[in-house]
Amino acid sequence: QQKVQQSPESLTVSEGAMASLNCTFSDGTSDNFRWYRQHSGKGLEMLVSIFSDGEKEEGRFTAHLNRASLHVSLHIREPQPSDSAVYLCAVSMDSGYNKLTFGKGTVLLVSP
Amino acid sequence: GGIITQTPKFLIGQEGQKLTLKCQQNFNHDTMYWYRQDSGKGLRLIYYSITENDLQKGDLSEGYDASREKKSSFSLTVTSAQKNEMAVFLCASSPDKHSGNTLYFGEGSRLIVV
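As given, the protein sequences belong to chains A and B, one line each in that order. Going left to right, the first sequence walks through residues 2 to 113 as the numbering used here numbers them. Going left to right, the second sequence walks through residues 3 to 116 as the numbering used here numbers them.
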């Protein structure tokens, strides 16, 4: 069964400094990787999805995928206090009816 | 654009009670999902439905029933509420079952068992 682990559990960065979050997965046949954000009491907002090795940028959010290392990361450029939220990594497989397996999340706090 | 509406936002029930959460989407999406979110445990899939009247069990289906009588709605029933089931339940939809489609999430319903 797919296992998805995120690190660190929590991260504090200063406004404007780069924030980097990590996610490892166990099933090497996975082919869809997504990063979601969840503000307190709200639903999930998708930030970026990536399907092939390399990087993908969506605004200030960049995902890096290295399938051989079973690793996907998210980098947030110039984070703002409004970016403070829980960041969730989600992984799925092509044959899986778009079912996602989530990590437990990283709590990001951006201090002014 | 579209929206996913979950009702109620808070559902308070007694132990042993049967409780139902509802989800409506106006995206005209084929596929819908119910996830449970526990603090410190991430999201886990309870049920999903590929199309109207279809039901598929997820990893956490025991103790739950689901119903997809219309394309736009997907309901989840806790058959006998227990105190260890207090969690946030998130509904999602996707254009179809193919991997790679974006899942759109509602804001969640919090279940409180007294």
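Everything labelled a hint here was simulated from the structure, so no lab data went into it. Glycine included, C-beta positions come from ideal geometry on N, C-alpha and C. Hints may contain errors.
Claimed, not checked - Examples of chain A residues toward chain B, derived with CB under 7 Å:
#1 4
#2 43
#3 44
#4 45
#5 49
#6 61
#7 99
#8 103
#9 104
Hints, one by one, checked against the model:
no.	hint	verdict
1	4	violated (11 Å)
2	43	holds (6 Å)
3	44	holds (4 Å)
4	45	holds (4 Å)
5	49	violated (11 Å)
6	61	violated (19 Å)
7	99	holds (5 Å)
8	103	holds (4 Å)
9	104	holds (6 Å)
Checked against the numbered hints listed earlier, the structure breaks hints 1, 5 and 6; every other hint is satisfied.
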